[in-house]
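Colleague: As a plain string of letters, each chain reads:
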Amino acid sequence: VRSLFALTMILLMALVQTRSGYAQESQISIGQTVEVVTNDGRLNLRRKPGIRQEIVAKLENGTLMRVVGGPQTADNFTWWELEGELGSGWAAEPFLRLAETKPNLPSNAQTTTTEQFIADLYGFQGWCFLGWRKPTPTDISPVSVDTVETIDEVKYAGDKLATTDYNVRIHNNNTAVEAFNRISESKVFFFYGHGSNNGLLFHTDQCEHSMLSLSTPVEAKNLQLAVLLGCETGQDINDKSNILRRFSEIGAEKSIGFNQKVLKILAADRWNKSFWKYAVQEDMEVSDAAFKAANEEIWGFYWLPPSYITVIGEEEVYLKPRRAVDPQFIEPTPLALQQPTPQANTNPIQQAQQGVQDWFDEQRQRVEQAFRDLEESLREEFNRAIREAIADALRQICLVPIGLVLFVGVFINKRLRR
Amino acid sequence: MKSRLVRFAALLSGSIALAAIILWLLPRSVERPASQISPEIQTIVPEPELSVKRTGEIATNYGTFQSFVAKTEQGHSVRFDVDDNSEVVGFYREHQTASAVILTLEQARSRAIDFGKLHFPDPELLDSPPDIAELIDLQDGRFYYRFVWQGRDTISGAYLPQTLRIEINAESGIVDSYVRLYERVTVDTKPQIESLAAEQIAINMINPYFSVTAKPETTLAVTRPIWKIEGGNQLLVWQIHLSGAFDKEKGITPSAIVFVDALTGTLLHIEPVLPNIEQEN
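Order-wise, the sequence lines are chains R and E.
The first sequence: position 83 = 83 (this note's numbering), numbered continuously.
The second sequence: position 278 = 696 (this note's numbering), numbered continuously.
These aren't lab readings, by the way, just hints derived from the structure by calculation.
Every clue listed holds true.
Footprint (simulated), chain E over chain R, 3 or more residues, beta carbon under 8 Å:
#1 66-75
#2 285-298
#3 403-414
Using 35 Å as the maximum straight-line C-alpha spacing, the simulated DSBU-like pairs for lysine-lysine come out as follows:
#4 K48/R / K646/E
#5 K646/E / K155/R
#6 K160/R / K489/E
#7 K646/E / K58/R
#8 K489/E / K471/E
#9 K471/E / K155/R
#10 K471/E / K273/R
#11 K633/E / K240/R
#12 K261/R / K608/E
#13 K489/E / K273/R
#14 K273/R / K646/E
Residues from chain E that face chain R, not an exhaustive set, calculated with beta carbons under 7 Å:
#15 A428
#16 S431
#17 G432
#18 A435
#19 T473
#20 T478
#21 Y480
#22 E512
#23 Q557
#24 D558
#25 T581
#26 S595
#27 V597
#28 I619
#29 N622
#30 L685
All C-beta atoms, glycine included, are put in the ideal place defined by N, C-alpha and C.
Chain E with its partners taken away, still in its complex shape (with noise of 0.2 Å):
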């Protein structure tokens, strides 16, 4: 009986160890010390106590990313997208406003270099001119600085995964929004294929659904394939957009774009392009 007693004991406790064990591995609190999550995110909001709280994931071709938003001391929310590295890859400052265009174009290209510099892997990219730098007006009295700057290889021209898009508040000259994509390229950047090639598979392709009519506009990358949803690896593409001849009966001119593989000649995929309407009905 004493010896029932006594394994009755011991199993009781152990299962109380087990399920205190099991409570203490579930989730803390909802909200954690930025820190936790990212140094960088301690950089780009530097308060002492800043707490994050996750709010879900992205998924994305180049990887998912954990989401997170701060609460800052003037109340302003920032999110922030983490990658698997902890490295902020993107954030987004809301309610931000800019009333007044204080900051000139090189007062707020300067900043965002300097931010830029701190944060995107390959700072060399930022030696070079923007591709885009202009002024946001939002025509409801407020205004941001948007500075872009794409990676191209030096060779072939092709754009590369690497795009880095800076925005500064024309007024207080902070990063509003900062977003980039960075992936080190593993494939071949020399296309095997010239592009008058890849067009002509994409207009042999195209021309039993539409004439094409205008002069496709081609470009070549390096991209994962962005037409599925997720995933896929790095290819060398020919990216070709064809356009057929203007619809007077529907008010559309039929478009497409199509993939072809630079390094193979093999069809990837072909994206319709969602028409505009030109004329009214």
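Looking at chain R on its own, in the form it has when it is part of the complex (with noise of 0.2 Å):
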């Protein structure tokens, strides 16, 4: 019965040949795309190399597949690993050939290959290629976020800047000019996308984007903090035009960045839930968190070299609500993208006069928020010393009376069996 099938199959085989013309060495690689050519019938799919192994699909003549692993030898045919719509397994290499389409990629006239490249890996259709994952548009409430791409990340670090007090509102889709715009608003500017030493990458839906260099004068008096999570956003500090000590100039308290290439978006994916949660939920100070975070990509995340971060600024930044939440971040007002600028004052006994009074909201501001961390440190300590207490004292309590309870009950047991 072996006999007849080998025979029958190098019949078949020698048919294939035959009628597609195809050549005997084989031009299949990973990656490419092949037809599957039958005589008759259907093309078993296997799950494993071999005529033997169990059919997980019946592929028409003609059907289109995507090369995924491969070759192997077995039961003398040269079998390839393919995926498609109906699944994926293993297919002998005499009922493929090469498609004369490319592979089925998103259609999207206005994307190139490069796009189809990313657009195909993460199955994002119509999208851009500077756009790794599409955002949504979300608003939560103030306290920039600015961001480009990744919206899952940029979501997490919001959740857990808004648990803080913070009021955070997540812009995603901006363009350079509406970013200008937020810093001089913001108290964090978070971004993730692509970088370099001297700006960053903003993009809309519509592919269009635009560089921040920051080379146009803006202010940042509320800038707690800059997080560049980009390619080389902090590599040659020196270099007047890098994009970190830009930030540190116009305002913000300490700014991280990357001094390498951000290679794996994995690891900058790990780096940047690590970042948030020992600088949000634990509380840690920014640059330790910063570099802690990148130690981790020990595991698993790279080899060598890390990607070292660099931070700027020396005073210690927490994002716990150590100062006021600015009331004009309560409600989010509508981004106007050319801001009138004030009036300026020229009366020098008013601007004197404006200047004390300044200075004065600003000590009674700090003062206020000073009794505010005390309280609320306080009534922490307090809860807790308190939970802690109550458990101490109840273990104790059970623990003396719980042998006795349990004699009693073993006691008073037997002389009911009695």
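Given two chains presented individually in distinct reference frames, assemble the corresponding complex, making use of the accompanying hints.
Modeller: What follows is the structure in structure tokens.
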């Protein structure tokens, strides 16, 4: 029976080769799209290479499949691992030929082959190359967390900041102009995307993009922290055009960047998660959080070399609400691309009075905030102490009589049985 | 009636006993003596009364580690990551500063080796020169030394999942941070697929999307599938970094890392590289 089967297969193979004119030597390789060629009937797609392996699907003549593995030799056939709409499995090479068409990629006239590459890998159709993950505009509330990409990560950071009463709102799909305006109103500026030594790239969902290089004067007097998760944002900070340095110069208390290329998105994702966890949830100082998160890449994020962190700014920054939340952030206001310039006050006496008033206001706010912080920490300490005391007392109370209670229970039970 | 009363009393006492047991089993105070977590902690922070608080866990490809924080007598926090065997796989001292470089590179290296030999599971790795030995200047007046040792297979040269990174405070000389990855190699480290063949597989895969113009950067490594979130068995892989031509319009260079199984030639994963911008638009 085996001989008959083998003979049939050989004949079939010869027939297929004659009909298709397919060359003897294989031209198939991983990544290519192949077409199923059968003389009659359907081609078996098998779980493993070999003619006795379990059949997972039957492929019609002309079916297009993508080669994802192989080749392997079994039962005198060369086998390729294929993937397609009907599933994945192994098929014998004689029944396959290179498809004339290109791989079945998302159809979008505007996309380039590079965009298709990303689109194919991540399953985003009609999304431009610069967006790894399609963002969904989400407004939560104040403190800008600006980004161009990776909505999951931004949402994560936003959620965490929100838990500290930071009143977060997330901006996606920004242009650099919008980002510029938001810097002046932000306490945390978070960017996750394509960076360089001297700029950050912003884009819209129409695939337009613009560079934020801070060459335009901008003030960031509210900015406590700038996190620039992008390639080489922290490289060569002695260069005047370095983006991290520029953030520091315009007023950011602390700026965090990467001094090498952030090669793997997964590594960037993990750093991002760990960083926000430590900085917000565990109340670490932000540079400690950045370094600690970077240390963890050793556990599978990378080999050598690791992406090193650059931090600028001497002031310790914590993301707990250590200062009053600015009332203007309670209700997000529609963003005006061109902010009106306030009228300059030219009267020197009024300027001086205003200066003194501002100083008093600032001091008052600081004192109020200090009291609020103290009150909060005392309350937390008190609650914790009470909880622990109650738990300890209950344990002590229960431990002593527990034996007695058990003894009484057993004793009563025995008496009852008698 | 009396019998019912007695039954009720028995039931009540049983319930109280059960409740007491459950209560007893509940987690006690949040803080625990460091020695209960890992005796190694006490050797890193030699304070007799040191207690630690659990802060969470880190899920990695190489297992899930428990995280703890300890407060030293000076009020500094030290964060420890501990594996299932109660071994410290990493620690980080917060608020460490070094305003001057007191130690020489050689002195710092000596301290790192002494520390590593005590804690790294394969002390022989430290007999070889470190792969990285550098003084890090944080540009804000703070300095520390970083040393990295990377395990390599002596025959194939493959990177092994055996890495040690120690950072030494350049002023005080204490170990500011320590992190290690150590796993016994369980796969054959001799590749069955030549690097050129693996590169060809990778290039064929990438070609429909961009033309590879630069010479591939190829390394061999024993690794867990780090392209997954966590888990997976050890593999011997060719890691092939491919780059295309600079796209003037977009200001980026398309690039990807392709992972090919070095024993079977199977394509394992493609990691698009987050491109940086090389010119202003």
